[in-house]
Amino acid sequence: MIFKVFKKQELARLHELLAVNIVVGPVVKGKDRNGKPLYDFDVVYDFNELALDYTQTVHSPKRFVLPYHETLSTFAVSRDGWEKHVDLNVYRPLVFFGMHACDINALNKLDLVLAQSTYPNPYYMGKRKNLFIIGIDCNPEPQCFCRSMGTDSAIHGFDLFLTDLGDGYFAEILSATAFDLLNQISCKDPSAKDLALYKQATNGKNKHYTAKVETSDLTKILDLEFESPAWDAWGEKCLSCGTCANVCPTCYCYGVEEHVDLDLTHASKTKSLHSCNLIDFAKVAGGHNFRPTSASRLKYRYYHKHRGFVEAFEESLCVGCGRCGAACLADITPPEVIASVRGKE
Amino acid sequence: MSEPLSYLGVALARPKVGFFELSSCEGCQLQLLNNEATLLDFLNLVEIVNFREGMSERGDNYDIAFVEGSVTRKDEITRLTEIRKNAKILVALGSCACFGGVNQLKNRFRDLDWVKKEVYGDFPIETMEVHPLADFVQVDLSIFGCPIKKEEVERIVTDLVVGKTVRHPEYPVCMECKANENICLFELGEPCLGPVTRAGCDAWCTSNRRGCWGCRGPAEGANLKQLEKIMHTYGFDREIILDRLECFGGFASFTQTAPTQDKKSPARRKKS
Ligand code: SF4
Ligand code: SF4
Ligand code: SF4
Ligand code: SF4
Ligand code: SF4
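Protein chains in written order, with our numbering: chain X, 8 to 352; chain D, 33 to 304.
A couple of the hints might just be wrong.
Claimed, not checked - Derived EDC-like pairs: lysine to aspartate or glutamate, alpha-carbon spacing no greater than 20 Å straight-line: (1) D:Lys148 <-> D:Asp107; (2) X:Lys278 <-> D:Glu202; (3) D:Lys196 <-> X:Asp268.
As the list claims (entries may be wrong) - Over 10 Å on every C-beta distance to chain D, these chain X residues come out as not near it, computed from the model: (4) His66; (5) Gly133; (6) Glu221; (7) Ser282.
Unchecked claim - Residues from chain X that face chain D, not an exhaustive set, calculated with beta carbons under 8 Å: (8) Arg40; (9) Leu45; (10) Tyr75; (11) Leu79; (12) Cys248; (13) Thr250; (14) Asn253; (15) Val267; (16) Ile286; (17) Asp287; (18) Val291.
Since the hints were derived computationally from the structure, they do not count as laboratory data. Positions of the beta carbon are idealized from the N, C-alpha and C atoms, including for glycine.
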């Protein structure tokens, strides 16, 4: 790994060099009812729009690799057949300017299923391969439990990772592209003082984690607690609204719909992200719903993330960003749900 | 126009359709005429035999009847029964037809005569309390919304013509709202019925920063109990919830059982 440091004003130059591509980064979207700024990822045209000291975005970066709705193919239909057109919907390389460790890890987890499996998903791959990611350090919010999930630092899956040292940035370089890029701005090797500042930043951050999920033996406990009354209690609150899956950086379930155009000469196949919490998620042909209660659906979301995925990949499908709990109007949060199933310590 | 319809070489029947309105603002029918870009394709797909809003000829020979509006006069029951007899498929078009719509707000008042006097003054019209179509005839298909979304009607009509099953989302508006990456209105300090209202409008209002009023009626398994708690947490009183739930009539089965003590005015009409 190669480390460099550079002065803060160099960052604008870095942005300028990258701005020939589409740049996406955290921006302020408004204020909540208590006056706190609300952040989200969006296309950024001006360096000054970037809010790099953001706490956490309401939505995850997911939509840039897994859009909520995506046309998979279109068909020109004629009397004697049809012609299929496939577009992977990749336009230009995308630069992510300022992604936290949890979201970088979330993309790495999506890769396990969508890029490294037997049948990689070309729509995902096309977008994922064309990402240039600049990571940035963060300050844990009250809902963050990434540390419990082992996703508080990003080891791979980015090009450049920046840590704020006050006057400048400490840069971790992971790709040749990033190395070439840094050669075009003024930077130097870290001094002993920079290293001390870097360690101070990392150690300081560790004190701020408040939320926690106990993951020891969690797959087994979940196995044993399939009938736990805790699920019914959470199910009673759940609105089956799908907000948790929509804001989650790792939820990837989807449905596909075919649509015939009004003129009967064109048709299309569209994929839409779904959520296992939705009442129609487990409805099959003939109308049977094999998860008719909100409790069984909510439980399934936790089993997928914290049991099934762990058994398949030896890691959880949750990065502990806490977005689902923060966005849930019924106040259903992973730390509380899992604690209730685990019982008292 | 008269060329036979076909899809993938399979001949399709061009259904004869009629549009009818009972008590309504005719906004749903207007929505259909709104999109000039697709209007000709729409007209090619069906044979319209009755559409007062768009043509002057009338016919009673139709396969599909789209009925807009609610029933609020005795003669409308007769007309509706007649339409039902003629149609193979009867479609309730819009929230008035599905739930009574905005019209059914008058059912909230105990004294209907007082309502009539307020509205019509000295020129009273013979009306009764407002009903959705399904109170009198069998409805085969509902198209929700106040107004309906033209794209949705076009999709449904295409599905009917090519023989696909017509399907509505059963989940609530929040799903579409979040897929549009909106900041939740509760977070911004505004109330919203999105968590309990059936989706399908692509979160029309909330994507324009207006809270949902529930015009498409309840989502399947809507969790009203939790909505009440949420409204309470975010500081909205029962009156605000009830005003919204009662607006289009879709939540009648919930609001009629809701306790009424803290409802001040107008006097809520109890089922006697
Ligand atoms: S979840 Fe962890 S990595 Fe993500 S913002 Fe919170 S503290 Fe940072
Ligand atoms: S857990 Fe919360 S966000 Fe998720 S479906 Fe249930 S109510 Fe909606
Ligand atoms: S389940 Fe919740 S905490 Fe875990 S990654 Fe998804 S949104 Fe974040
Ligand atoms: S604004 Fe309304 S529809 Fe959107 S997420 Fe919030 S409650 Fe749901
Ligand atoms: S957001 Fe609510 S009120 Fe607005 S169109 Fe959709 S269902 Fe109707």
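To see whether the hints hold, each was checked on the structure:
Between Lys148 (chain D) and Asp107 (chain D), the direct Cα distance comes to roughly 18 Å. Compliance with the 20 Å bound is thereby established for this hinted pair. Annotation: proposed proximity of Lys278 (chain X) to Glu202 (chain D) holds, straight-line Cα distance about 18 Å (limit 20 Å). Taking the CA atoms of Lys196 (chain D) and Asp268 (chain X), the gap is about 13 Å. The hint holds against a cut of 20 Å. Consistency note on His66 (chain X): stated as away from chain D, yet its beta-carbon is not over 10 Å from all of that chain's, at 5 Å minimum.
For Gly133 (chain X), the condition that its CB be more than 10 Å from all CB atoms of chain D holds, with the nearest at approximately 21 Å. Non-interface call for Glu221 (chain X) relative to chain D: holds, since the shortest CB-CB distance, roughly 27 Å, exceeds 10 Å. Interface exclusion of Ser282 (chain X) from chain D breaks down, the closest Cβ pair being 7 Å apart, not more than 10 Å. Taken as an interface hint, Arg40 (chain X) checks out: its beta carbon lies about 4 Å from the nearest beta carbon of chain D, inside 8 Å.
Interface hint at Leu45 (chain X): satisfied, since its Cβ lies 5 Å from the closest Cβ of chain D, which is below the 8 Å cut-off. With 8 Å as the threshold, the beta carbon of Tyr75 (chain X) comes within range of chain D, its nearest partner Cβ sitting at about 4 Å, so the hint holds. A distance limit of 8 Å between C-beta atoms decides the matter here; for Leu79 (chain X) the minimum to chain D is near 17 Å, and the interface restraint is violated. With a least beta-carbon distance of about 4 Å to chain D, the hint placing Cys248 (chain X) at the interface is held under the 8 Å criterion.
A least Cβ separation of about 5 Å between Thr250 (chain X) and chain D falls short of the 8 Å threshold, and the interface hint therefore holds. Given hint, Asn253 (chain X) at the interface with chain D, holds; its Cβ is 4 Å from that chain's nearest Cβ, closer than 8 Å. Below 8 Å, beta-carbon pairs count as interface contacts, and Val267 (chain X) has one with chain D at about 5 Å; its hint therefore holds. Taking 8 Å as the C-beta cut-off, the interface hint given for Ile286 (chain X) holds, the closest approach to chain D being about 5 Å.
Among the interface hints, the one on Asp287 (chain X) holds; its C-beta lies about 4 Å from the nearest C-beta in chain D, closer than the 8 Å criterion. Violation of the interface hint for Val291 (chain X) is found here, the shortest Cβ-Cβ separation to chain D being roughly 13 Å, above the 8 Å cut-off.
Consistency with the previously given hints fails for numbers 4, 7, 11 and 18, ordered from lowest to highest.
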